[in-house]
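Peer 1: Each chain is listed here by its residues.
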Amino acid sequence: MKRTTRTGVLALSTAAALLLTSCGFSDNGGGSADASGGTTTLNMLVPTYSDGTKGLWEGVIADFEAEHENIDVNLEVQSWENIEGVLKTKLQGGQAPDIYNGGAFAEFAAEGLLAPASDIASQETIDDFQTTFADAEKFEGTQFGLPLIASARALFYNKALMEEAGVDAVPTTWEELHDASKLISEKTKADGYGMPLGSEEAQGESLIWFAGNGGSFGDSQKISVNTPQNLEAAEFMKKMVDDGVTQNDPGATQRTPMLNTFVQGKLGFAYALPQTIGQIEDENPKLDYGVAAVPTKSGEPATLGVADRLMSFRNDGSKSAAVKEFMDYFFSADVYTDWVSTEGFLPTTKSGSEKMAGDETLTPFLDMLPNAVFYPTTNPAWNATDGAFKSLMGELGTGKSAQEVLESIQAKADAAS
Amino acid sequence: MSSVLPATNRARRTRRRGTDSQTFLSSLPWIGPALLLILAIVVFPAGYMIYNSTRKISSVGTDLESAGLENFVTIFQDPVLPRVLLNTVLWVVSVVVITVLLSLVLAQFLNKPFPGRTIVRMAVIVPWAASVVMTTTVFYYGLDPNYGIFNHFFVQLGLMDEGYGWTKNAVPAIAVSVVVAIFVSIPFTTYTLLAGLQAIPQETLEAARVDGAGRWKTYLLVIIPQLRSALAVSMLINIINVFNNLPILKVMTGSIPGNSADTLMTYIFKVLQFDRRLDLSSALSVVNFAIVLVIVAIYVKTVKPMQEI
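Top line first, the protein sequences correspond to chains A and H.
When the letters of the first sequence are read in order and numbered with our numbering, they come out as residues 1 to 417.
When the letters of the second sequence are read in order and numbered with our numbering, they come out as residues 1001 to 1309.
No lab work stands behind these hints, which were simulated from the structure alone.
Every residue, glycine too, gets a C-beta built ideally from N, C-alpha and C.
Some hints could be false.
[What the hints assert, rightly or not] The calculated lysine-lysine pairs, modelled on BS3-like cross-linking and capped at a C-alpha distance of 25 angstroms, are:
(1) A:Lys182 - A:Lys238
(2) A:Lys90 - H:Lys1250
(3) H:Lys1056 - A:Lys88
(4) H:Lys1056 - A:Lys90
(5) H:Lys1056 - A:Lys222
(6) A:Lys239 - A:Lys297
(7) H:Lys1250 - A:Lys88
[To be verified] Chain H stretches covered by chain A per the calculated footprint, using a threshold of three residues with CB under 8 angstroms from any CB of chain A:
(8) 1055-1064
(9) 1165-1172
(10) 1274-1288
Go ahead and model the full structure; you've got the sequences and the hints to work with.
Peer 2: See the structure below:
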């Protein structure tokens, strides 16, 4: 009796020990393909661009699975705020997704976690991407990401408020934007300019302003935030805040609720996306507004361009054939343009651009793309820089000087590179 | 929260039968599952956290090399740490003290018989039954400068010209978080104290009355001393709960830039989320863990909550 108890205890503790070690310290486990029965399961992690994103992907996957019976795609959708945290947890647990839709990729590539583009898409698919976008997916000469979408920010202005305040022309320079916003703030019940420096958009809003003075966040080699051009732009942003021509508490304002106030007609100017046009059509079609190029210091056109990508974590490499099938299917002109146009983005493939050339709502944004400045996503320190902008840039609105804020962000970027 | 049961006579008798190790082995089948559970969900994660705090981990999450105590040096040199610790102390002290005082009053009130007492007692539980994140989110939207109902109310009353960003500035945001934290802590505290009140023998109160003690004297010298264990439990649990509280502060102060409104808990979260430093946030968590242990130790030593009256 006693003997069996002891054996039982021994067995239990051994089992527990094995369990604990396997879930904690293993390097290679997890994410493996269930090769039995010839079915491959692909785990896919994507963010939401709009309320329709989940349904859109589900449609693509259903059609894909109907054509490929031996591949199952497991879809997981997360908000932009959470997705990077979720990914990080998955990476640590050895559950890296086989298909991931994200912003930055260089730090993953630098650690050898990503499969090169040639492993996850056929040569025809890779050749179909526009060269500028494909080049932005390269880390040390190898392409890793497959550019999924492109987008640009433009100035949205409320015509009714401008008229009420006596502003005749759409601003094209910073000074004009400042004065027009001031008039709207003073003469109407609405706020003049919406500046979202909360964690959702701080990095985007900052780069729009920096680009307007010929600045940027740096390149694949070096993150340079604290530069004279950027400082001048940040000081002008601070001037906007201090002069009271923005909404209250810009440092704690998120983009989505702020754009809602624009849609409701309570904001004079805001930088917004192609999707905002669709949102206005749905929620307040009577809004009297226009879309124009982003005002800059000199009036020369410049804006923030965004490109997101699909990438594949290597795991044990057994699933790359299935990933390739999926990517080739998704980037075929019909499937891809349907997805991109429904989401309201600009296409990154040559075949897609030809198909979507006639879309008029996209014209102002397509025109701005050549002058767009992009995030330095090929720099491994970009993720940390992005985080620093999200958490620190808002301090511009809570009393810190532009110099101090840029220095603190630069310090975080330097610590990560 | 573990509770210590006094050894019963029977337990003492069994121990005398064999050596201690034998008794332990024969009791293992019964306590084994519980021990395993504690090992798996308490001891292992805590150990792993301590291990992580001594490693250098890349922002992607790859364990690179041993860092010794370097992570601790980094966090103690962090210029924002003093402000964060000060916020934490203010946050814990104000929430716990106000909660306990209000709960003492409420418990006393609920202990008196009056018509409709059951309904009032049920109503006190409501904040406890609702999810903390939900409750906080309701407050958060209520305080929104553009469409919040509280702001709307104040503007309508003429107290303010336009909505104020309560949750957009450090000081008011912490203040309203304190209010929410008190709101959600009161049910538990009140019920613990109410149970304590009901356990007070009527004879002691009668004796006090016979000896000529007034109401305040009876309360301070007879009731409060007998409430000591209930007070001890509710304060200890509240301190730990409030200290480790993330949901309320994350919702209420999450949009404030920089670290002026952070407590240790939200700071750990930001280091992980924005700086992507798993090693540093683990080191901060170890500090957090140590602080909780010290609080508990001081508390057990000075208040002696486990001692019987």
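Peer 1: With reference to the structure, classify each hint as holding or not holding.
Peer 2: Against the structure, the hints come out as follows:
1. A distance of roughly 14 angstroms separates the Cα atoms of Lys182 (chain A) and Lys238 (chain A); the hinted pair therefore holds under the 25 angstroms criterion.
2. Taking the CA atoms of Lys90 (chain A) and Lys1250 (chain H), the gap is about 22 angstroms. The hint holds against a cut of 25 angstroms.
3. A C-alpha spacing of about 16 angstroms is found between Lys1056 (chain H) and Lys88 (chain A), which places the hinted pair at or below 25 angstroms, so the restraint holds.
4. For the suggested pair Lys1056 (chain H) and Lys90 (chain A), the alpha carbons sit about 19 angstroms apart, so the restraint of at most 25 angstroms is met.
5. Among the hinted pairs, Lys1056 (chain H) with Lys222 (chain A) is consistent with the structure: their alpha-carbon atoms are about 22 angstroms apart, no more than 25 angstroms.
6. For the proposed pair Lys239 (chain A) and Lys297 (chain A), the alpha carbon gap of about 14 angstroms is at most 25 angstroms, so the pair holds.
7. At roughly 20 angstroms between alpha-carbon atoms, Lys1250 (chain H) and Lys88 (chain A) fall within 25 angstroms of each other, so this suggested pair holds.
8. For the stretch 1055-1064 of chain H, the assignment as covered by chain A holds, since 5 residues bring a beta-carbon within under 8 angstroms of that chain's beta-carbons and 3 suffice.
9. For the stretch 1165-1172 of chain H, the assignment as covered by chain A holds, since 5 residues bring a beta-carbon within under 8 angstroms of that chain's beta-carbons and 3 suffice.
10. Here's how the stretch 1274-1288 of chain H fares: 4 of its residues keep a CB closer than 8 angstroms to some CB of chain A, so the rule of at least three is met and the hint holds.
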